[in-house]
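Participant: Put chain B on the given structure of chain A with help from the hints.
2 protein chains.
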Amino acid sequence: MRLLLLSNSTAPGHGYLDHARAEIADALGGARRLLFVPWAQADHDGYTARVAEAFAPLGVEVTGAHTAGRPASLLDAADAVFVGGGNSFRLLTALHRHGLIDAIRARVAAGALYLGSSAGTNMACPTLRTTNDMPIVQPPSFGALGLVPFQINPHYLDPVPGSTHMGETRAQRIKEFHEENDVPVLGLREGTWLRAGDGRLTLGGVPAGAVLFRRGQEPVEYGPGAELSELLAGEPAFDSPQG
Amino acid sequence: MRLLLLSNSTAPGHGYLDHARAEIADALGGARRLLFVPWAQADHDGYTARVAEAFAPLGVEVTGAHTAGRPASLLDAADAVFVGGGNSFRLLTALHRHGLIDAIRARVAAGALYLGSSAGTNMACPTLRTTNDMPIVQPPSFGALGLVPFQINPHYLDPVPGSTHMGETRAQRIKEFHEENDVPVLGLREGTWLRAGDGRLTLGGVPAGAVLFRRGQEPVEYGPGAELSELLAGEPAFDSPQG
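Those sequence lines, one after another, are chains A and B.
Residues in the first sequence are numbered consecutively from 1, following full-length UniProt numbering.
Residues in the second sequence are numbered consecutively from 1, following full-length UniProt numbering.
Okay, chain A solo, but in the shape it has when bound:
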């Protein structure tokens, strides 16, 4: 499977997707027809227009998945699928409602490139259990696309030194995840991404890199170019199979 999973869509001071433009162009290869999945945000037309504008310089034609009564019918004509960021609970609810979980999985297995950013990157995991988003709607299941067998935490944020806020840090939240589940969690700092293809998985983007959390182990840091292919092996162990 070919995947490009971005931690975030926009870097400070840059336009939408600009910080990852070269990587996106390379991952697209010859792909020219992209199906965009806009449901993480409320304004589907506006969001799709923004994405179309970002992909136009790459010679890629963008179709919004919301423009068809049966969105899965648009997958065959697409050689790339981009699932955009926003609220991951709203996004996952829509993927289930439109029957897109199995359909996207099948299309990507058949060769289409999967692009995700933020919530769209969460969707590539077995479940949405490591999202940062507010659960504004209740999806029928937390089960997601499972294009990779581990969990990703996008927008991974280190503890803020000297903060007096008593809410949990991101690392504490991931520790809570590991009290309940035995699945690796990769914290992707902003400006980083994962690229998969030919059975390999590599980290790209800014030097800050990513941090890998495994149950009962100390976190491990990785920098750009690090190979993480070992994460593609293994069966995730969640407390309940439904997600």
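No lab work stands behind these hints, which were simulated from the structure alone.
It cannot be assumed that every hint is accurate.
If you anchor each label on the Cβ, the simulated ranges turn out as follows [claimed, not checked]:
#1 A:E221 with B:Y16: 51 to 59 Å
#2 A:E218 with B:P57: 32 to 40 Å
#3 A:G234 with B:G199: 50 to 58 Å
#4 A:V160 with B:P57: 32 to 40 Å
#5 A:D158 with B:R70: 26 to 34 Å
#6 A:A68 with B:A233: 41 to 49 Å
With the Cβ distance kept under 8 Å, some of the chain B side facing chain A (calculated, not the full set) [what the hints assert, rightly or not]:
#7 N87
#8 L128
#9 P161
#10 T164
#11 M166
#12 E176
#13 E179
What you are looking at is a predicted structure, and each value in this text was computed from that prediction instead of being measured.
Just so it is clear, CB atoms sit at the ideal spot from N, CA and C, and this is done for glycine as well.
Facilitator: Coordinates of chain B only, in the frame set by chain A:
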């Protein structure tokens, strides 16, 4: 119903529950037997011991809900219920599993004091849809106790000036909630609480106070002592009745 809903359990530089001790003592009145619900955290015995220590100076005897095969059977003997903070998804999953949603609601309706902090405060709302926590487990439903007809966001955090982090601010998350639901959301800043009794609802705690978000309206600030009883009227409108 008598409620005391804390944004957080611990203030910087203070011991557990210390910042709200006087208010807790006043709310308890003559209550001397407290049932503690520890499932938001993983170590139930340790968490219960910590709570017992905090309540001992108030002359209150604490029993952990996890110490009975059928936790609801412990409710009748309790004149106060305290639901502690931690992960709200784990907590809500346990409340459903142990049949405590209806049981706690009934006991509080019959006169027991409900104390909540953080995740325990979220549980007093119709659903957990305004929690900040990571969805580490999937509850059978997002529906919670509904002791109040509006939503609370505990640990409410103002946007950090100059932050370059591209994840959503708390206000943006609540805006997303209002794209999907028509229910007021009260952002309780740390160090604040809500007290309900005799049909009245008042804000207490530090001067920073709370901010009320209503769909399609500008947020409104409230300071300590503000009366919010109007929030006790009205029917919440969620996109799906299950929560």
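Participant: Let me make sure I understand: some of the numbered hints might not hold for this structure. Which ones are they, in numerical order?
Facilitator: 1, 5, 9
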